[in-house]
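Produce the complete structure using the sequences and hints provided.
Number of protein chains: 4
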Amino acid sequence: MYMNKQYNQNKDNIGRLLVQCPDKPGIVAALSNFLFENGANIIESSQYSNDNAQQTFYIRFEFYIEDLINKREELETAFQPLAEEFAIDFAFTYNKYRKRSAIFVSKETHCLLELLWEWQSGDLETDIPLVISNHEDARDIVEPLGIPYYYIPANKDIREEVEAKQIALMEEYDIDVLILARYMQILTPDFVKRFPNQIINIHHSFLPAFIGAHPYERAYNRGVKLIGATSHYVTNDLDEGPIIEQDIERVDHRDNVASLKKIGQQVERRVLARAIKWHLQDRIITNDNKTIVFH
Amino acid sequence: MYMNKQYNQNKDNIGRLLVQCPDKPGIVAALSNFLFENGANIIESSQYSNDNAQQTFYIRFEFYIEDLINKREELETAFQPLAEEFAIDFAFTYNKYRKRSAIFVSKETHCLLELLWEWQSGDLETDIPLVISNHEDARDIVEPLGIPYYYIPANKDIREEVEAKQIALMEEYDIDVLILARYMQILTPDFVKRFPNQIINIHHSFLPAFIGAHPYERAYNRGVKLIGATSHYVTNDLDEGPIIEQDIERVDHRDNVASLKKIGQQVERRVLARAIKWHLQDRIITNDNKTIVFH
Amino acid sequence: MYMNKQYNQNKDNIGRLLVQCPDKPGIVAALSNFLFENGANIIESSQYSNDNAQQTFYIRFEFYIEDLINKREELETAFQPLAEEFAIDFAFTYNKYRKRSAIFVSKETHCLLELLWEWQSGDLETDIPLVISNHEDARDIVEPLGIPYYYIPANKDIREEVEAKQIALMEEYDIDVLILARYMQILTPDFVKRFPNQIINIHHSFLPAFIGAHPYERAYNRGVKLIGATSHYVTNDLDEGPIIEQDIERVDHRDNVASLKKIGQQVERRVLARAIKWHLQDRIITNDNKTIVFH
Amino acid sequence: MYMNKQYNQNKDNIGRLLVQCPDKPGIVAALSNFLFENGANIIESSQYSNDNAQQTFYIRFEFYIEDLINKREELETAFQPLAEEFAIDFAFTYNKYRKRSAIFVSKETHCLLELLWEWQSGDLETDIPLVISNHEDARDIVEPLGIPYYYIPANKDIREEVEAKQIALMEEYDIDVLILARYMQILTPDFVKRFPNQIINIHHSFLPAFIGAHPYERAYNRGVKLIGATSHYVTNDLDEGPIIEQDIERVDHRDNVASLKKIGQQVERRVLARAIKWHLQDRIITNDNKTIVFH
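Residue numbers (this note's numbering), protein chains in the order written: chain P, 1 to 295; chain Z, 296 to 590; chain L, 591 to 885; chain D, 886 to 1180.
For the record, the hints were derived by calculation from the structure and aren't laboratory data.
The calculated DSSO-like cross-link candidates involving lysine-lysine, where the alpha carbons are at most 27 Å apart (straight line), are:
1. LYS261(P) / LYS984(D)
2. LYS96(P) / LYS277(P)
3. LYS614(L) / LYS71(P)
4. LYS755(L) / LYS783(L)
5. LYS867(L) / LYS783(L)
6. LYS306(Z) / LYS697(L)
7. LYS107(P) / LYS261(P)
8. LYS11(P) / LYS992(D)
9. LYS851(L) / LYS572(Z)
10. LYS306(Z) / LYS852(L)
11. LYS1146(D) / LYS1041(D)
12. LYS96(P) / LYS614(L)
13. LYS488(Z) / LYS451(Z)
14. LYS391(Z) / LYS572(Z)
15. LYS686(L) / LYS601(L)
16. LYS262(P) / LYS107(P)
17. LYS402(Z) / LYS867(L)
18. LYS1078(D) / LYS1050(D)
19. LYS1147(D) / LYS99(P)
20. LYS1147(D) / LYS11(P)
21. LYS981(D) / LYS262(P)
22. LYS686(L) / LYS556(Z)
23. LYS290(P) / LYS556(Z)
24. LYS277(P) / LYS992(D)
25. LYS689(L) / LYS556(Z)
26. LYS488(Z) / LYS460(Z)
27. LYS852(L) / LYS572(Z)
28. LYS984(D) / LYS262(P)
29. LYS391(Z) / LYS851(L)
30. LYS557(Z) / LYS601(L)
31. LYS851(L) / LYS306(Z)
32. LYS852(L) / LYS391(Z)
33. LYS96(P) / LYS1147(D)
34. LYS262(P) / LYS277(P)
35. LYS585(Z) / LYS262(P)
36. LYS1162(D) / LYS262(P)
37. LYS746(L) / LYS783(L)
38. LYS261(P) / LYS981(D)
39. LYS306(Z) / LYS909(D)
40. LYS852(L) / LYS557(Z)
Shown next, in the form of structure tokens:
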């Protein structure tokens, strides 16, 4: 528990433990004991038990261990017996090893700009080694920041060739997170399968309303009084992946499609930025087609 | 314009003029002149021109005329030439003639309670001559307020017989507005046709998401992060009528179907109450499948 | 952790443990072990460490123990050594022993109505043995529900006499929570001291703006664009007690004092209801002049 | 009314008329007639009458006149008799003559970045001929956009000298609007008087709470559950000028001063951007210490 003063001085000593296992008595006590005995001070912990038939238990710890990076192997080894005893599916992550994000964008740059804004002000704890686009529109935004910009024209006839290039770049730059910041190309099942729970999209509607193309036009035609945006993990069901975050903004009869888009952009950029932030902080566990987000 | 002191003393002298016509130069000037020449002080006016091909113009005036009720026939007659000149579809309404509302409810009483609360505190300017239900649950809420409660059991096999009784009551009590405050029976096309733009429903989802039955169960299964409610005029396309108002509330992974319902009830009652209030104040014009709501 | 099926069948077996102590390594492990060893399944847990000089640790457990009520003394006794070791300030509470609330109201009944509404629909887990008012306005709302209504006229000259009667009633009815649901009398320091963290007020402004009387008039004069309400524990600094919940609603230049009040009532009733609910669920710990609210 | 197709093709033909005068019968009719007779199609109109003793009437028209710029002198001359008859305080503005804005900033750049973002995406219809700062922090953001950056160090001892330079720049660049985008210097009464209703500030609290310095520290110490931001015209009463827009964001006990600031920045940038947009569209009329904002 004890959050000592070094905490503020050395963020590199912060780690996280994410746990998912069958719900059994004693699990919290066992995990707390493990962390205590390994010199960890728990900074934050959040838990959740679903009430489905299978009764799964989820917990996220954020902890501080002096000289964490040198102790990490030892820590992970020491966890093995516990993991086996409780049949735990787990992950340790380390603040020192920042996730590496690739941003994909097409012509509309508002989401990209928001992410770069948050990143420049230190609120998005990630490295951004590259931006990929099927258009040239965003080059002048990206390159002045010293980030390489890869222009890869795309259309449905050359999808595999395009994705081969993208996959090569993901490998070259050792990418952990693929952010679709209004990237308007459909990805192949093979591409998606390669990056499970790693691709995050922003859809410009309040899903499941207006799945698919032209949501603002359809929102206009339906005469809705609120428009929304949804950030979700990409799976091979179009716009059906686990939802991370949603938000809405009020509109009225005076709004036409163009103004819905303008208003929607404000929602989109804020929803995507929140989702990415939570993903980078390992606050999200997916559970079938849903997310548990530990705020 | 001049809102003289009598305004506060005599709300019975307030009227409204709703206008819908092809958009032509001079229409605002013509209408303003008409009201001025007939001794009206405009309290409020709101206009809207859609930018579709047919270019329709809409305006709502709220005005004060000394001794309005005695002058109303004269006023309506005087309006005829203008109505013809500009091909105006119009309605005059008078504060003194309060609309008469019938509330339909099934087992869940939260929307009914909210409406009765607003009505008792003077915020819902309507008479409520009766409540109709296919259950007995709400009787003890309604009768102590001196409102007759009609219990009409209903199911899909006796729909016509049930509706015949309801129609008879609507006529007997001279009802203007039918409020479906969580009334869980489907209405026949004949019934709906009889009351165009007079039936207002609350649907327990953010339409067009989760049209139809069990929206909270489906919201739960989809893992949405916001749940909503929608108030709309009832047409013969299920949950497809013109939307009047929508709102949402934030939920998270800890919510199960039961808690979604609880949270949703708070949204439902507030959305329905707003929609009814606007309808009673003649703030809504329907335009095909959309509403113009002049706030 | 294991939330077995009896959980749903027997809410009387649910208890809560609230803990506040100096932050030290091992505290979570110790508490988790204690609960595990005493047969508790943890349903929910939330913790917080402040980062002030004194470094205080707070945790709230909600747990299930078979046949809890008969084991409660044993449980509390077993906790003593741990409490001493870690210098814990703690409280056990039991779902079976519902808190008993007295509602105080003056002339405006909207907050009272909201609480009664929530209470009737089972969302406010409390007994309401009486309502006290310095006016007769609310009698007809309260008595039909079978709740005794005490009319105690009040003014600043007879404050002590009035409070003596109120205190006698609090004792007679064994009251745990005093809810000031728009009760417009100032309480004496002696009265307040007698009920620490037990009196919850709703103030009709977004504190610390508009402390004191006539907040809507002052909001109107200042031309604010949002109005708010604040629910807080009552201390002897007027409107300065620990804030539990706040919310706001948008207004504009067209609103006068009367309409600000109307809009404000909607905020007041929802803010007070939330605060009361959290208090009843033992979700609130006060920390000097602030609250920790475990959602 | 007729919004013909040229409207979309030529925004330069759009003008606005803002009117403020004693409330008298016939004023709307007179103004509508005037516009109609001068070939104007009214695109939008909004009115407001306050209910104070002096009964002032306010209206804003947005209109389209073919070849407006060449007709503007004629139009303004033609308006004189009406202006005199009704004692109208008025302003005509023309879309073609974009307002010219100077942005003042200190060290925190989030509001500046938001304005530049909106400006680049075409949503802020203004020219930005220069940015002025008492620090160098924002230079690298501003200059790449081709906007001159004036670094004018400032402190309270050299206030007059600093303002003399600033005034010279305002004149040199013919500035209409001075945007204080987190500019942390107090302005002298002489400076403020020179630019009435032209200086717009963002204050980092929900005014009138936390007037003056360090609002986030004070919000933290008070334990509020919402933090806000307020955009207002600058007058010579500190943080007391007419409020244009306010908004809030939810916070909780886990937030410290640093995170309140982060969250607050999101509110500040959105509140300031809205206020500036409305000012640029001539949607705001000030009325003593309040604003009328015609949405």
